[in-house]
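Please take these sequences and the hints and turn them into a complete structure.
Residue numbers (my numbering), protein chains in the order written: chain A, 1 to 116; chain B, 1001 to 1112.
Hints were generated in silico from the structure; no laboratory data involved.
Pulled a few chain B residues facing chain A out of the computed Cβ check, cut under 8 Å: (1) G1040; (2) G1042; (3) L1043; (4) G1058; (5) F1090; (6) K1097; (7) F1103; (8) G1104; (9) G1106.
Looking from chain A toward chain B, a few residues come up when the C-beta cut is under 7 Å (computed): (10) N32; (11) L44; (12) A103.
In silico negatives: residues of chain B with every beta carbon more than 12 Å from chain A: (13) T1022; (14) S1024; (15) P1075.
Heads up, the beta-carbon is just placed ideally off N, CA and C, and yes, glycines get one too.
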Amino acid sequence: AQSVSQHNHHVILSEAASLELGCNYSYGGTVNLFWYVQYPGQHLQLLLKYFSGDPLVKGIKGFEAEFIKSKFSFNLRKPSVQWSDTAEYFCAVNAPGKSGRRALTFGSGTRLQVQP
Amino acid sequence: EAQVTQNPRYLITVTGKKLTVTCSQNMNHEYMSWYRQDPGLGLRQIYYSMNVEVTDKGDVPEGYKVSRKEKRNFPLILESPSPNQTSLYFCASSSQKNQPQHFGDGTRLSIL
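Below is the structure:
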């Protein structure tokens, strides 16, 4: 069964610092990869996605992510964070789940706190 | 406006009292799904539906039921709620299973 690991549970940064959040998954076959953001009290919103092609994916609000197949990773980056980026970030992978059928599996999330 | 609407947003109830959380989407999406979100565990899929009358279990289906009689609606039913079902629940929909999902605003359930 698929597993998704987000090793950073809580990250605290100052404004203008660079951000990198790690995401690793276990499935060795073809995957679809996503990063979602959840602002305080709100629902999840899509930041970016990777299906195929260029492994460097650009999303909304200046975020990007790099798919490295050999490392089973899909890390999220932003060169300069803002206070408004304070939120929880979830990596998600579409791959065969417990039942053998494809399902979307989420990581446990990383809470980002940006200090002004 | 494209949206996924869940009701209620908040509910406090007691063990064993049947409840239903409704979910409706206006995007004509075929795929709909229910998740629960618990601290440190991320989102876990409860049930999903590929289309009308087609539903299947996710990773944590125990204690839940769903139905998909119409394309736009996908209610989540707790026949006999228990305290371990206290959680934040999200409904989501997408045009296909592997496409990005649109999420509702969430339903916070407290089972006493």
